Each structure stands twice: as structure tokens, then as C-alpha cells.
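Protein chains in written order, with my numbering: chain W, 1 to 111; chain H, 1 to 118.
No wet-lab data here; the hints were simulated from the structure.
As the structure is a prediction and not an experimental result, all values here were calculated from the model.
Each hint should be verified, as a subset may be incorrect.
Derived, one-sided and incomplete: chain W residues facing chain H with beta-carbon distance under 8 Å [unchecked claim]:
| no. | residue |
| --- | --- |
| 1 | S31 |
| 2 | Q41 |
| 3 | P43 |
| 4 | F45 |
| 5 | Y48 |
| 6 | L55 |
| 7 | D56 |
| 8 | D98 |
| 9 | E99 |
| 10 | Q100 |
| 11 | F102 |
Where is the CB? At the ideal position from N, CA and C, for every residue including glycine.
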Amino acid sequence: GAGVSQSPRYKVAKRGQDVALRCDPISGHVSLFWYQQALGQGPEFLTYFQNEAQLDKSGLPSDRFFAERPEGSVSTLKIQRTQQEDSAVYLCASSWLDEQYFGPGTRLTVT
Amino acid sequence: GDSVTQMEGPVTLSEEAFLTINCTYTATGYPSLFWYVQYPGEGLQLLLKATKADDKGSNKGFEATYRKETTSFHLEKGSVQVSDSAVYFCALSDPFGNSMDSNYQLIWGAGTKLIIKP
Chain W
1 GAGVSQSPRY
11 KVAKRGQDVA
21 LRCDPISGHV
31 SLFWYQQALG
41 QGPEFLTYFQ
51 NEAQLDKSGL
61 PSDRFFAERP
71 EGSVSTLKIQ
81 RTQQEDSAVY
91 LCASSWLDEQ
101 YFGPGTRLTV
111 T
Chain H
1 GDSVTQMEGP
11 VTLSEEAFLT
21 INCTYTATGY
31 PSLFWYVQYP
41 GEGLQLLLKA
51 TKADDKGSNK
61 GFEATYRKET
71 TSFHLEKGSV
81 QVSDSAVYFC
91 ALSDPFGNSM
101 DSNYQLIWGA
111 GTKLIIKP
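Throw the hints in and build the complete structure from the sequences for me.
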């Protein structure tokens, strides 16, 4: 079966641009997570959905970050007015019970 | 808050050597513990897990035992191969810890790069 997919795989944005990152979870997985991974570091939690409900957004670093999952399947992470410090790999995971399955990530570079 | 600490890399070994990558944790609840692996150019993959004290997770020749008394979950393999070269991450999930918004978010170590030379 298909795993978690993310698009685009790479994104270069000029500082100040808005970006939208897409995640297609494994079909039937209720829970979906977004993480941010800086170079040479472990992932850091951003936000969590259970179906369409965003139950925890405590990890979003600023109000420029926004995530949605309107129909309980595909999710989009949007970053407004990108800054250089937003450069990272953005990981999406969907989960079954306590096991999370990760997509390949989107590498965002802000220039 | 909860945290995971793992040994810094890179760790460089010869093929067939014994591997240990240390991982210790702090948690307020009763966490599940995980090892994930990231091969070059690929996404994170679950390698093994343990959900309670004294459980041993194992997969692909790798093992780790959940030690509550030492708050550790060290990764071991008896004989490594070149194909094991990757970055290894230790992580925990503590959904019933002290957070009011408990969920299964993973809390990660910084990762340990493993290089195996033929």
C-alpha cells in the first residue's frame, strides 16, 4: 500500500513569500503530525490532528505558521511571510496507535 | 518536560563490529520508546519499539531493552554491515504525561550518524 507522501519535495522561497506544503497520509490513519527538522537535529513537534480536528498546535513557532486538515485526510502546512529561520525539512507522519509513519519530507530553503 | 539524550556521532565502525548507541530519557508518565532510522536520501523508518519496562524491541538484528531503573533504551547490534550506515534517532511518546493536551507526539534525540567501513 502507499505510504505517506509529501509535496513538493524541495521548495525554495524568497524571504517574505508564502508557502504551502502538502501531506497525504496513509488511508485510514486518524492521527496526523507535522514536525520540523533542522539540519543535524532531531525533529521538533509542530502540530497534531485527529481526523479534521487540530488538537494540539503548541509547537507552531509563530502565528505565521498555520495547518489544516479540512476533510480529515490531506493536510496542508502553510507558512506566511517566510523567514530564513524557517529553512528546515518539514516532516509529516500519520499514525496507527503509537506507531508513526513518516513521509519523505519537504526541504524548505528560504533565501 | 520530557526529553531524550543520545550519544553524539558520528560513530565509525568496521564491518562485523559490535554496535551500541546510547539513549537515555526523562519522562513524567510511562512512555513508549522507539528507535527510528534514516537511510541516506530516505524518510524516517521505525526500526523497533518497546512499550513498557523490561520489554525488548528487535528488528533486522538490532535490539534495545527498555530499562526503567536507568531510564535507558540503548540500541545494539552484534555484527554491523555497510548497509546499516544511516542516522539513528531515539524517541519517546508520553501521551499520559503531565501535559493537558496529551497526544502521541514523539520527542526526539538529536540523532547519531553511523558509518560502517568495509
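Here's how the hints hold up against the structure:
1. S31: Holds - the Cβ of S31 (chain W) comes within 8 Å of chain H, reaching about 7 Å at its closest.
2. Q41: Holds - the Cβ of Q41 (chain W) comes within 8 Å of chain H, reaching about 6 Å at its closest.
3. P43: holds (5 Å)
4. F45: Hint holds; F45 (chain W) Cβ to chain H Cβ min 4 Å, cut 8 Å.
5. Y48: Status holds, d = 5 Å.
6. L55: L55 (chain W) check passes; min Cβ-Cβ to chain H is 6 Å, inside 8 Å.
7. D56: holds (5 Å)
8. D98: This interface hint holds because 5 Å falls under the 8 Å limit.
9. E99: holds (6 Å)
10. Q100: holds (6 Å)
11. F102: The hint holds - F102 (chain W) has a Cβ within 8 Å of chain H, the shortest such distance being about 4 Å.
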